[in-house]
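J.: Turn these sequences into a full structure, and let the hints steer you where they fit.
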Amino acid sequence: MTQSPNISLPVALFKGLRPKQIPKNLFVYVALVFSNNLFNPKMLGMVTVAFTLFCLVAGSVYLMNDILDVEADRQHPKKRLRPIASGALPIPVAKAASVLLMTGSVGASFAFGWQFGAVVLCYLVLQIFYCFRGKHIVLVDVFMLAAGFVLRVVAGAAIIHVRSTPWLLLFSFQLALFLGFGKRRQEIVLLGADAEKQRAILEEYSLPFLDQIIVMIAGITIVCYSVYSVQSGTSLKLPHLWATTPLVIYGVCRYLYLVYQKGWGGAPDEALREDRALQVVIAIWLALVLILFKFDRPFNINTPESDKGGKEVKVNARKNTSGAP
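The sequence shown stops at residue 863 when you use this note's numbering, and every number in between is there.
The set of hints was computed from the structure by calculation and includes no laboratory data. Incorrect hints may have been included.
Claimed, not checked - Here are the computed lysine-lysine pairs in the DSS-like style, where the Cα-Cα straight-line distance is at most 25 Å: (1) K673 x K616; (2) K633 x K616; (3) K673 x K562; (4) K553 x K633; (5) K832 x K580; (6) K580 x K562.
T.: Put into structure tokens, the structure is as follows:
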């Protein structure tokens, strides 16, 4: 066993919840932003509750996963430092905390509506299946992780009772796939010849195979966002959202540049935390989206053409009556 580091039990438990993974749960805010309700205090508060509950339920799954993988993690150059693998967090304590967080967070979610509660429950069931079986099935492992991101988006919409369009969900799914396969590539690069020993599923992947998938999904991700930004429902509410597309393209290309030109060996989430260019483009994209929601308006065109009676014909853009664009 790896020697237990000198940290307190509460600190070990907190680290076991993987606070560095918390940004993944920001996907619950997607529907809030794209329904133009970010500055609605009540809805912002509701989605923040959803964010908190997802942090708790995801943390419980991380504890369960680390219990199941404890022996393999002890052989991994980085994962051996995790609280459970290192011995800082006793397995019985981790089990109890995982069960309490699972039951508590799912139970609390139903207090905010059965739709939201059902999505949280589906997310938990999906993650449990992933831990026990899904992560051992090639391709399915990454697809299940991506589905978890989509459920976060759906949950954020459910708790404030708005609708997310299929193209927005598809973009979220493709982006998650892009980052997920990037993570698999990072693991193979990091572990080298020991990859198969550390994680059996990596035997089913190879760098050439992953490179093809990553490039393919990168293109699909850009297409999904582009279509979403110009689709009829979105364009009637935000006619200039298409202007943010170059920023998304740059972000995807920047990540590919880091991987293939700079030999980036870190995980995708590490790139988001450490690469200043990615941080800047994400900040600009978010700022531009918020500005568009504040000031962008559908076109209201008055044509000089007249009908037979000589009256001016006024063409008004239809109003979008759905929740999120």
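J.: Could you run down the list of hints and mark each one as holding or not?
T.: How the hints compare with the structure:
Pair hint K673 plus K616 holds up; C-alpha atoms about 19 Å apart against a cutoff of 25 Å. Our distance criterion of 25 Å between C-alpha atoms is met by K633 and K616, whose separation comes to about 22 Å. At roughly 18 Å between alpha-carbon atoms, K673 and K562 fall within 25 Å of each other, so this suggested pair holds. Of the pairs offered as hints, the one joining K553 and K633 holds, with about 15 Å between alpha carbons and a cut-off of 25 Å not exceeded.
Note on K832 and K580: the hinted pairing holds, with a Cα-Cα distance of about 18 Å set against a maximum of 25 Å. Restraint check for K580 and K562: satisfied, since their Cα atoms lie roughly 23 Å apart, inside the 25 Å limit.
The structure meets every hint from the earlier list without exception.
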